[in-house]
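Peer 1: Spelled out from the first residue to the last, the chains are:
There are 4 protein chains.
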Amino acid sequence: MSEKKVFAVTQRVRYAETDAMGVVYHSNYLIWFEVGRVECLRAIGYPYSRLEAEGFGLPVVEVGCRYLRGAKFEQLVRIETWLDSLKSRKFRLGYRISDADTGEPLATGFTEHLCWRRGVVATIPVELYEKLTALL
Amino acid sequence: MSEKKVFAVTQRVRYAETDAMGVVYHSNYLIWFEVGRVECLRAIGYPYSRLEAEGFGLPVVEVGCRYLRGAKFEQLVRIETWLDSLKSRKFRLGYRISDADTGEPLATGFTEHLCWRRGVVATIPVELYEKLTALL
Amino acid sequence: MSEKKVFAVTQRVRYAETDAMGVVYHSNYLIWFEVGRVECLRAIGYPYSRLEAEGFGLPVVEVGCRYLRGAKFEQLVRIETWLDSLKSRKFRLGYRISDADTGEPLATGFTEHLCWRRGVVATIPVELYEKLTALL
Amino acid sequence: MSEKKVFAVTQRVRYAETDAMGVVYHSNYLIWFEVGRVECLRAIGYPYSRLEAEGFGLPVVEVGCRYLRGAKFEQLVRIETWLDSLKSRKFRLGYRISDADTGEPLATGFTEHLCWRRGVVATIPVELYEKLTALL
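Protein chains in written order, with this note's numbering: chain A, 1 to 136; chain B, 1 to 136; chain C, 1 to 136; chain D, 1 to 136.
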């Protein structure tokens, strides 16, 4: 049994992210997944902006999210990101959102990404692939 | 074989909904699902604002979306909504996003909703339940 | 005394646009201004997507908004757009948001736009300039 | 000549905040103003969530923003917030957005807030008023 390497980052809930129910609107969790993903790529040394400068993109081809409890304005949330699976041209990330202070879980989810270059499916650049492998 | 009753509404893609890839940012499809859902509830005669005025809510407890092709600025998109399953206290809606002119599919997805009242799981109001049944 | 030609379009308030105060989050009015602007350009026969395809852009260089009353979920709002001033390389639009049913004013504002092409300030294309003139 | 006390916080630009022009969509600067404002209130010891728990709100009644240069994905931006004017029932904040590394200015703006309680204009709570005074 191997343990996933989990990358964590925190964000404070913005008022703009709440809705009339008084909690964070559900689509905003996908944006937090993006924050976790981007910071994870930065942490392993291959920022997404570099990838884009090289002509690549990692569009989301599928997303899923289960909501457990509503996040509230000014709450400090913890975004955990890990690599679920990795292939030559696509990979899947897992996420867990929780209260940064109490650890209470708020949501879990995943995103699946395809690697493409100028609109066509492409092999993940070798250096990125190797850095991602280290997360498994 | 029964056929689902599908409710359709169109929206024009806003510039605000696009991202630096030149297509709609993936979390915005969930907002289009909301537009489809809200218009569907209005169409069957039980607007969500009425439900809220009666103290009820239908929070999203799970969402999933598969992205097939990026929607572009000013594109007219068609949002189709249908009822996938209905229980006394929860239900699942299905969605299909396509180009309103060509019919080209852009995304498919679902949302699962729990009925609650003042923070506690509750039975879907009888009138709403009956109206939803008509969609099956 | 000349009267401004006012272009109007309606939108139904999305739940995603509300915040924990129970009304629409203030930055979303700027997105409604965009909806009014884009539909206005379409109405005069020069869609913004055509302008972009020709290599031009009309970035917002200044914006202002006064909020009079909070818009609510499912409210049908009317977005009025008019041309305030027009120069060879920039123009200013005015906006008024109101309840589409009662006419109650919700907000007023403006956006100032610069015409540019490939990152450099440029003269507004003649055809667009002429079509805009017709709005004065 | 008095110098304003300026409160600063940084944010990394999210992909979700960009648009098809490849830079941050203009309405998102208002959300950054919110981030600056909320962190400023936290810094002076009167978090906005406490104010809300006490039944108060500080709705934005006017906003203005001038855009100087487009912010880009993954750029680290610095949000500076200061108090422009303070009255018993309203106040105005000023903002400056710049590149956190180079100091290059990106935008300037302001928000004007009214204090209200349960939908009615109210006097700013004494403790908050005093803490705000210290910013002048």
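For the record, the hints were derived by calculation from the structure and aren't laboratory data.
Among the hints, erroneous ones may be present.
Just so you know, same-sequence chains aren't split out, so a pair can sit in one copy or run between any two.
[Unchecked claim] Restricting the straight-line Cα-Cα distance to at most 25 Å, the calculated cross-link-like pairs of lysine to aspartate or glutamate (DMTMM-like) are:
| # | residue 1 | residue 2 |
| --- | --- | --- |
| 1 | K4 | E127 |
| 2 | K90 | E74 |
| 3 | K131 | D99 |
| 4 | K72 | E39 |
| 5 | K72 | E112 |
| 6 | K4 | E62 |
Peer 1: Each of the hints needs a verdict: does it hold here or not?
Peer 2: For each hint, the structure was consulted:
no.: 1; hint: K4 - E127; result: within (20 Å within a copy, 48 Å between copies)
no.: 2; hint: K90 - E74; result: between (35 Å within a copy, 22 Å between copies)
no.: 3; hint: K131 - D99; result: neither (29 Å within a copy, 29 Å between copies)
no.: 4; hint: K72 - E39; result: both (22 Å within a copy, 16 Å between copies)
no.: 5; hint: K72 - E112; result: between (27 Å within a copy, 21 Å between copies)
no.: 6; hint: K4 - E62; result: both (21 Å within a copy, 24 Å between copies)
In this structure, the one hint that does not hold is number 3.
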